[in-house]
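Position chain F against the provided structure of chain V, taking the given hints into account.
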Amino acid sequence: MTDIAPRAPAPHASAPSAKTSTELLAIAGLALALAAAPLAAYPFFLAQALCLALFACAFNLLVGFGGLLSFGHAMFYGSASYVAAHAAKVWGLPPEAAILAGTLGAGLLGLASGALSIRSQGIYFSMITLALAQLVYFIALQSPYTHGEDGVQAVPRGKLFGLIDLSNDVTLYYVVLAIFLFGLFSIYRIVHSPFGTVLKAIRENETRAISLGYRVDQYKLAAFVLSATLAGLAGATKAIVAQSATLTDVHWTTSGEVILMTLVGGMGTMVGPVFGAFIILAMQNYLSTFGQWVMVIQGAIFVISVLSFRRGLIGEISNRFKISL
Amino acid sequence: MTKRSLAGAACGLMLASAGSIFAGAALAQEKAIKVGVLTDMSGPYGDVGGAGSAVAAQMAIEDSGMLAKGWKIDLISADHQNKADVGSNLAREWIDQGKADVFLDLLTSSVALAVNQIVKEKNKVALISGAASSDLTGKACSPNSIHWTYDTFSQANSTGKAITKAGGDSWYFVTADYAFGKALERDTTTVVTANGGKVIGNAMAPLNNADFSSQLLQAQSSKAKVVGLANAGADTANSIKQAAEFGLTQGGQKLAALLMFITDVNALGLPAAQGLEFTESFYWDLNDKTRDFANRYSKRVKNGAKPTMVQAGVYSSLIHYLKAVETLGPTTDGAAIVSTMKSMPTDDEAMGKGYIRQDGRKIHPVYLLQVKKPSESKYPWDYASVVATIPGEEAFRPLAQSECPLVTK
Numbered sequence: 001m002t003d004i005a006p007r008a009p010a011p012h013a014s015a016p017s018a019k020t021s022t023e024l025l026a027i028a029g030l031a032l033a034l035a036a037a038p039l040a041a042y043p044f045f046l047a048q049a050l051c052l053a054l055f056a057c058a059f060n061l062l063v064g065f066g067g068l069l070s071f072g073h074a075m076f077y078g079s080a081s082y083v084a085a086h087a088a089k090v091w092g093l094p095p096e097a098a099i100l101a102g103t104l105g106a107g108l109l110g111l112a113s114g115a116l117s118i119r120s121q122g123i124y125f126s127m128i129t130l131a132l133a134q135l136v137y138f139i140a141l142q143s144p145y146t147h148g149e150d151g152v153q154a155v156p157r158g159k160l161f162g163l164i165d166l167s168n169d170v171t172l173y174y175v176v177l178a179i180f181l182f183g184l185f186s187i188y189r190i191v192h193s194p195f196g197t198v199l200k201a202i203r204e205n206e207t208r209a210i211s212l213g214y215r216v217d218q219y220k221l222a223a224f225v226l227s228a229t230l231a232g233l234a235g236a237t238k239a240i241v242a243q244s245a246t247l248t249d250v251h252w253t254t255s256g257e258v259i260l261m262t263l264v265g266g267m268g269t270m271v272g273p274v275f276g277a278f279i280i281l282a283m284q285n286y287l288s289t290f291g292q293w294v295m296v297i298q299g300a301i302f303v304i305s306v307l308s309f310r311r312g313l314i315g316e317i318s319n320r321f322k323i324s325l
Numbered sequence: 001m002t003k004r005s006l007a008g009a010a011c012g013l014m015l016a017s018a019g020s021i022f023a024g025a026a027l028a029q030e031k032a033i034k035v036g037v038l039t040d041m042s043g044p045y046g047d048v049g050g051a052g053s054a055v056a057a058q059m060a061i062e063d064s065g066m067l068a069k070g071w072k073i074d075l076i077s078a079d080h081q082n083k084a085d086v087g088s089n090l091a092r093e094w095i096d097q098g099k100a101d102v103f104l105d106l107l108t109s110s111v112a113l114a115v116n117q118i119v120k121e122k123n124k125v126a127l128i129s130g131a132a133s134s135d136l137t138g139k140a141c142s143p144n145s146i147h148w149t150y151d152t153f154s155q156a157n158s159t160g161k162a163i164t165k166a167g168g169d170s171w172y173f174v175t176a177d178y179a180f181g182k183a184l185e186r187d188t189t190t191v192v193t194a195n196g197g198k199v200i201g202n203a204m205a206p207l208n209n210a211d212f213s214s215q216l217l218q219a220q221s222s223k224a225k226v227v228g229l230a231n232a233g234a235d236t237a238n239s240i241k242q243a244a245e246f247g248l249t250q251g252g253q254k255l256a257a258l259l260m261f262i263t264d265v266n267a268l269g270l271p272a273a274q275g276l277e278f279t280e281s282f283y284w285d286l287n288d289k290t291r292d293f294a295n296r297y298s299k300r301v302k303n304g305a306k307p308t309m310v311q312a313g314v315y316s317s318l319i320h321y322l323k324a325v326e327t328l329g330p331t332t333d334g335a336a337i338v339s340t341m342k343s344m345p346t347d348d349e350a351m352g353k354g355y356i357r358q359d360g361r362k363i364h365p366v367y368l369l370q371v372k373k374p375s376e377s378k379y380p381w382d383y384a385s386v387v388a389t390i391p392g393e394e395a396f397r398p399l400a401q402s403e404c405p406l407v408t409k
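So the sequences go chain by chain: V and F.
Quick note on numbering: this note's numbering labels position 316 of the first sequence as 316, and the sequence is numbered without any gaps.
Quick note on numbering: this note's numbering labels position 321 of the second sequence as 321, and the sequence is numbered without any gaps.
So here's chain V without its partners, still in its complex pose (with noise of 0.2 angstroms):
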């Protein structure tokens, strides 16, 4: 995977402190102007974007951090959402609780699929996860759970802990800001962590930190099951969010568009993947009148992406300016 995961920053281009500061003041600045943006946009698409932009910053720890490229991650974004739905509409759980539950669902499955998938690598590794991802798609295909075609429809948003009323766009979308911002600086204090760490070590040299004595597959396997529950988290808060858990979130394309996202945006950095995904999602808005073509219009801009700026957006002005975002 180390032909695709970004090169570190250069050491001693600024020290620790400073770099972790700035990431810091990213995601600060990044929390003000998503506080500010229902005063611009409509609250309801931004809740939707924002479940999406965590879904791919839990990808870009996986990603990004770990050099661990998922091919599947949908299928925990995707049955998340479906245990979250299927709690609140069958069991009636109160939404907290509903997503709490998709939450642990897809955690376990990251850790029954992790402790499949990362016994190898590269390339192997990326088709395991794909094809853990179709058998999780056909479950939900077949699922009477599931509804096939049909979906989990008509998900009551409840009321938050009993008090606050989520029926309200823009209530919502400040629950779901914190849910997110929750699972960013989560994020995060993994990757600054002695375990981010040795998860970034990893990364660049595994052999060397097989070496050293850390036992790689514990990390990765750690690593993977974080980023399948944040991916869980964000998967279960879609359910919320737009009552409803269909076969789009548990398909392969889900998995393509969020590796998009994270490219698009800078993998490896802290709010690059955020980026991505508002940028993603914008362009399927404005040319969703071209119809099919939204997806050869998607084509060449990660072509043109991946050609001539390979770090990504926020990749490619954190390494101009040499500050870590």
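The set of hints was computed from the structure by calculation and includes no laboratory data.
Check before you lean on any hint, since a few could be wrong.
Calculated lysine-lysine pairs in the PhoX-like style (CA-CA distance at most 25 angstroms, straight line) [claimed, not checked]:
(1) Lys-198/F to Lys-223/F
(2) Lys-159/V to Lys-120/F
(3) Lys-372/F to Lys-89/V
(4) Lys-223/F to Lys-289/F
(5) Lys-302/F to Lys-323/F
(6) Lys-31/F to Lys-120/F
(7) Lys-323/F to Lys-99/F
(8) Lys-139/F to Lys-89/V
(9) Lys-120/F to Lys-89/V
(10) Lys-99/F to Lys-69/F
(11) Lys-342/F to Lys-122/F
(12) Lys-372/F to Lys-289/F
(13) Lys-139/F to Lys-120/F
(14) Lys-69/F to Lys-323/F
(15) Lys-122/F to Lys-159/V
Below, chain F alone, put in the same frame as chain V:
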């Protein structure tokens, strides 16, 4: 300084990309109507509804004569890709941003069921022409929607009944694996058993399937006399073509296309489709009025196609909606508009006279058609002859059997 300016730049960029999807709900204006056509523009049902439905809606707006009376009527259309989540997001967005008061077409039952709930929650109007599931006027009925053109019950009740009575007493289904296919199979099974037939089994196929070989081979080995195709659009055309390749009909089995549209016959061609019986609520070559409507429509679409019953239903439902709004005066109270629509008899060029029942079911005659032989076809789109005309009261599910909570028994 760099840090701060960078964070600023980040904020700016974020706002720019977020602001690009600009909202701003328009205020409700006097004498303004916003019409939204939500359909499959590019997928397997693109010919059945699609761009043609938007054309039909535009024709209804012009024919209503309301533009001349100072009404401002906007039309917006979009592709829901047959996905319930895309459809419901679009519906929510259009309502929240003041882009649509009434939703038309709504092909694909899963999308229609999803949009139905949002429309009810937000008190707008859904006039369902494309979707088929009879649940839309059954347990999922709503005071904000009318199921206009046809449903799985009426299809089953005419094609299914005719074939079972003609001796096709054992059935095997090839079913589209979602709300519509399941409802069509369920309703046809009821009709088949009620008429002394039996159902041997079924095989599910996903929506927009390319390869029906597995399902068709199962159907073939079931030795059922009739293979019922509980699917629609391109899926029906594909399964009929592939059934011919496997020699189903040569082996003595009969194909029953439970939902076929005139555009499917056009896609299959008469040599492949001849003899098939199918049911429509509208056929363009019925009388002078339908021919006139169809010809005006043909001139406005790209390939000169004749309208399907879905497109005719879009026209007919919008004409009636506009009449109701004109009677009521400017309002966006969806439930009030629907109840006015239910109280007025319907009459328009495409679908003739009819009425709307309290469960939201529009009642009109249904036609059992048979595809002509290539030698019988005299002019373009001369594809079918009417075998039987079934009065609306007989064709649709009786109110007494309805599970709809709106029905007072």
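Hint check:
As the CA atoms of Lys-198/F and Lys-223/F are separated by approximately 13 angstroms, the hinted pair is consistent with the 25 angstroms bound. Between Lys-159/V and Lys-120/F, the direct Cα distance comes to roughly 20 angstroms. Compliance with the 25 angstroms bound is thereby established for this hinted pair. The suggested pairing of Lys-372/F with Lys-89/V is violated, with an alpha-carbon distance near 49 angstroms, which exceeds 25 angstroms. As the CA atoms of Lys-223/F and Lys-289/F are separated by approximately 44 angstroms, the hinted pair breaks the 25 angstroms bound.
A C-alpha spacing of about 29 angstroms is found between Lys-302/F and Lys-323/F, which places the hinted pair above 25 angstroms, so the restraint is violated. Proposed proximity of Lys-31/F and Lys-120/F is supported: the alpha carbons are some 23 angstroms apart, at most 25 angstroms. Distance restraint check for Lys-323/F and Lys-99/F: the Cα-Cα separation of roughly 20 angstroms lies within the 25 angstroms cut-off, and the hinted pair is therefore satisfied. A hinted pair counts as satisfied when its Cα atoms are at most 25 angstroms apart, and Lys-139/F with Lys-89/V qualifies at roughly 17 angstroms.
Taken as a hint, the Lys-120/F and Lys-89/V pair is honoured in the structure, with Cα atoms around 18 angstroms apart against an allowance of 25 angstroms. The hinted pair formed by Lys-99/F and Lys-69/F meets the criterion: a straight-line CA distance of about 22 angstroms does not exceed 25 angstroms. A C-alpha spacing of about 20 angstroms is found between Lys-342/F and Lys-122/F, which places the hinted pair at or below 25 angstroms, so the restraint holds. Simply put, Lys-372/F and Lys-289/F have alpha-carbon atoms about 22 angstroms apart, close enough for the 25 angstroms limit, and the pair holds.
Note on Lys-139/F and Lys-120/F: the hinted pairing holds, with a Cα-Cα distance of about 14 angstroms set against a maximum of 25 angstroms. Annotation: proposed proximity of Lys-69/F to Lys-323/F holds, straight-line Cα distance about 13 angstroms (limit 25 angstroms). Of the pairs offered as hints, the one joining Lys-122/F and Lys-159/V holds, with about 19 angstroms between alpha carbons and a cut-off of 25 angstroms not exceeded.
Checked against the numbered hints given earlier, the structure breaks hints 3, 4 and 5 and satisfies all the rest.
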